[in-house]
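S.K.: Could you build the full structure based on these sequences and the hints that come with them?
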Amino acid sequence: MTEATSTSASALPNPISAVRSRLATQSGSRRALLLMAPLIAFELLIFVIPFAILLRISFAAPSSDGVYHEGTWSLEAYQQVFASDLIWSVLGYSFFLGVVVTVLSVAIGLFYAYAIWRSSGVVKSLLLFSVVLPLLTTLVIRTYAFDPLLVPAGLVPGTAGVVVAQLYIVLPYAVLAIYSVMATTDWHVVEAARDLGASRPRSVLEVVVPQVMPGIIVAAVVSFAWSVGAYAAPELLSNSITFAIYVEGLMLSDMSYPTAAALSVVMLGLMSGCIAAIFGVLNRFGGDFELA
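Residues 1 to 292 in the UniProt record's numbering are what the sequence shown lists, from first letter to last.
Just so you know, these hints were derived from the structure itself, not from any lab.
Among the hints, erroneous ones may be present.
Said to hold, decoys possible - Listed below are the simulated SDA-like cross-link pairs for lysine to any residue, each with C-alpha atoms no more than 20 Å apart in a straight line: (1) Lys124 <-> Pro134; (2) Lys124 <-> Ser180; (3) Lys124 <-> Asp186; (4) Lys124 <-> Leu135; (5) Lys124 <-> Thr185; (6) Lys124 <-> Ser89; (7) Lys124 <-> Tyr112; (8) Lys124 <-> Pro172; (9) Lys124 <-> Glu76; (10) Lys124 <-> Tyr114; (11) Lys124 <-> Thr184; (12) Lys124 <-> Leu176; (13) Lys124 <-> Ala183; (14) Lys124 <-> Phe111; (15) Lys124 <-> Trp187; (16) Lys124 <-> Val208; (17) Lys124 <-> Ile108.
Stated by the list, open to error - Derived CB-CB ranges, DEER-like: (18) Leu139 <-> Ile46: 14 to 24 Å; (19) Phe129 <-> Gly249: 38 to 48 Å; (20) Gly249 <-> Leu55: 14 to 24 Å.
Backbone N, C-alpha and C define an ideal beta-carbon position, used for all residues, glycine too.
M.R.: Structure below.
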């Protein structure tokens, strides 16, 4: 009887241990919150508050003698956006440019990152340096430098020149994103696949690519987001009008802030949908990202 009582008593939870565990959990949560506080403040100041202001302006009534009527509420700006064929053609061209540049940057970036991964010594250092070197020059200078380079080839003005210049802008980021994941991949797994009969291309496609899919997802998202909102390359190298150029005209020339803000909100929604689709499609091939 005594033994059974002591056994049942020992099976009961210790209230002191439970309190200590709860306090430790709360303390860990508070430390995590304190560590995240600077990031949360940065997000609020740089992204959330400006977007809230942008959203409010998009619902303001346009004004003929100024940018907009303060304190008013109207859907006129959104009606102009959805009813304008010109705006949708501009958005279509922006997304077309984004898709083309993204596909090229991911494909080239994958091969270039693979070359860096398999090289060693001076060759590897030179390949990495050639990727980082363009980032040391300002965006406008390295974009404008394409003008004398592409004119003899007949690519400027035109979409081809814009694609080449925009690809030059986003390619370093794609290469670094893919290589950062590929550098952690075990080459012995590829060798094992080849020992089992897989060819070189098949071993890369079925072993390497699924393992570096998180880097490919990052490269695709960065390339797509940057290319859809491209400004410097289309402005300097062609007569094409992208979303960013059109918004600039609405704000500086037409002084139509509500329309520009409404177009930006619509564009942000479309971009979010496209990025979610990129995550969903590429996750099927080995990515492990999750959208909150």
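S.K.: Could you run down the list of hints and mark each one as holding or not?
M.R.: Against the structure, the hints come out as follows:
Our distance criterion of 20 Å between C-alpha atoms is met by Lys124 and Pro134, whose separation comes to about 17 Å. With a C-alpha separation of about 14 Å, the suggested pair Lys124 and Ser180 falls inside the 20 Å cut-off, and the hint holds. The straight-line distance between the Cα atoms of Lys124 and Asp186 is roughly 18 Å, inside the 20 Å bound, and the hint therefore holds. For the suggested pair Lys124 and Leu135, the alpha carbons sit about 18 Å apart, so the restraint of at most 20 Å is met.
This hinted pair checks out: Lys124 and Thr185 have alpha carbons roughly 16 Å apart, not beyond 20 Å. Among the hinted pairs, Lys124 with Ser89 is inconsistent with the structure: their alpha-carbon atoms are about 44 Å apart, more than 20 Å. Annotation: proposed proximity of Lys124 to Tyr112 holds, straight-line Cα distance about 11 Å (limit 20 Å). Distance check on the hinted pair: Lys124 and Pro172 sit about 15 Å apart at the alpha-carbon level, within 20 Å; holds.
Between Lys124 and Glu76 the CA atoms are separated by roughly 56 Å; this puts the pair beyond 20 Å, and the hint is violated. Restraint check for Lys124 and Tyr114: the C-alpha separation of about 11 Å stays at or below 20 Å, so the hint holds. The suggested pairing of Lys124 with Thr184 holds, with an alpha-carbon distance near 16 Å, which does not exceed 20 Å. A hinted pair counts as satisfied when its Cα atoms are at most 20 Å apart, and Lys124 with Leu176 qualifies at roughly 13 Å.
With a CA separation close to 12 Å, the supplied pair Lys124 and Ala183 stays within the 20 Å bound. The suggested pairing of Lys124 with Phe111 holds, with an alpha-carbon distance near 14 Å, which does not exceed 20 Å. With a CA separation close to 16 Å, the supplied pair Lys124 and Trp187 stays within the 20 Å bound. Between the alpha carbons of Lys124 and Val208 the distance comes to roughly 19 Å, so the proposed pair stays at or under 20 Å and holds.
Restraint check for Lys124 and Ile108: the C-alpha separation of about 17 Å stays at or below 20 Å, so the hint holds. The hinted window of 14 to 24 Å between Leu139 and Ile46 holds, with their beta carbons roughly 20 Å apart. Checked against the given bound of 38 to 48 Å, the beta carbons of Phe129 and Gly249, roughly 39 Å apart, stay inside it. For the hinted restraint 14 to 24 Å between Gly249 and Leu55, the CB-CB distance of approximately 21 Å keeps it satisfied.
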